[in-house]
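Engineer: Sequence:
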Amino acid sequence: MAKVAIVLGPDFEDVEFEQPRTQLAERGHEVVVVGTSTDEELTGKKGEVTFTPDVAVGDVSARDFDALVVPGGYSPDHLRTDEDVVRFVKAFGDLERPIAAICHAGSLLIEAGLVSGRTMTSWPSIRTDLVNAGAAWVDQEVVVDGRLVTSRNPDDLPAFIDAVDHQLQGAGVSA
Numbered sequence: 001m002a003k004v005a006i007v008l009g010p011d012f013e014d015v016e017f018e019q020p021r022t023q024l025a026e027r028g029h030e031v032v033v034v035g036t037s038t039d040e041e042l043t044g045k046k047g048e049v050t051f052t053p054d055v056a057v058g059d060v061s062a063r064d065f066d067a068l069v070v071p072g073g074y075s076p077d078h079l080r081t082d083e084d085v086v087r088f089v090k091a092f093g094d095l096e097r098p099i100a101a102i103c104h105a106g107s108l109l110i111e112a113g114l115v116s117g118r119t120m121t122s123w124p125s126i127r128t129d130l131v132n133a134g135a136a137w138v139d140q141e142v143v144v145d146g147r148l149v150t151s152r153n154p155d156d157l158p159a160f161i162d163a164v165d166h167q168l169q170g171a172g173v174s175a
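For the sequence shown, the numbering used here gives the first residue as 1, with consecutive numbering after it.
Careful, some of the hints might be misleading.
Taking CB as the label site, the calculated pair distances span [to be verified]: (1) LEU95 with ASP54: 18 to 26 Å; (2) GLU41 with ALA136: 35 to 43 Å; (3) ASP162 with GLU30: 25 to 33 Å; (4) ALA25 with LYS46: 32 to 40 Å; (5) MET1 with ASP129: 32 to 40 Å.
Hints were generated in silico from the structure; no laboratory data involved. Ideal Cβ placement from N, Cα and C applies to all residues, glycine included.
Build out the structure end to end from the sequences listed, making use of the hints.
Structural biologist: This is how it looks when you write it as structure tokens:
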């Protein structure tokens with residue numbers, strides 16, 4: 001069983017948070033939601049899902065987890081201005097642990113300095129940002145580049161979740 005962090009801020013894409021959280025747990029992984037604090041209930045941008053983070057980013061380390069998932073929506077843009085969150089995300093890259101980002105989540109990876117030289121996909125509106133940060137952008141439902149998994153949008157969630165689970169098993173961590 002792997003321990004997976006999902007980093008979450010306000011205005012996340014509801015389904016891009018809820019489906020990976022639920023399905024990775026159903027596959028036997030321990031899923032922990034990490035936020036800037038545990039004092040605030042966060043609401044998805046569509047208002048369909050609310051969630052209070054399990055732990056605050058200042059109380060955990062990337063070393064505590066086997067992988068990181070970053071949902072899209074506006075959450076990554078909010079989180080990229082928080083130095084503790086950026087440091088936490090960067091540490092996963094430094095440790096060469098799996099990082100999975102969907103939709104707009106690549107913006108947080110840009111801030112953490114993790115995209116240069118990588119092949120990635122995303123929501124089309126951040127394509128130029130990723131390219132300007134040194135990534136090669138492709139239009140595919142899921143792209144796996146080493147320990148980095150990226151997808152474009154909610155329609156890609158089945159392939160995205162499968163790729164995350166495969167990364168966890170490939171790391172010698174299995175459900």
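Engineer: Does the Cβ pair LEU95, ASP54 satisfy 18 to 26 Å?
Structural biologist: With Cβ atoms ~21 Å apart, the hint holds.
Engineer: That 25 to 33 Å hint for ASP162 and GLU30 (C-beta), does it hold up?
Structural biologist: For GLU30 against ASP162, whose Cβ atoms are near 19 Å apart, the range 25 to 33 Å is violated.
Engineer: Could one say that the CB atoms of GLU41 and ALA136 fall in the range 35 to 43 Å?
Structural biologist: holds (38 Å)
Engineer: Taking the beta carbons of MET1 and ASP129, is their distance inside 32 to 40 Å?
Structural biologist: The hint (32 to 40 Å, Cβ to Cβ) holds, given that MET1 and ASP129 are roughly 35 Å apart.
Engineer: Starting from the hint 32 to 40 Å, judge whether the C-beta atoms of ALA25 and LYS46 obey it.
Structural biologist: For LYS46 against ALA25, whose Cβ atoms are near 22 Å apart, the range 32 to 40 Å is violated.
The structure fails hints 3, 4 (numbered hints given earlier, in ascending order).
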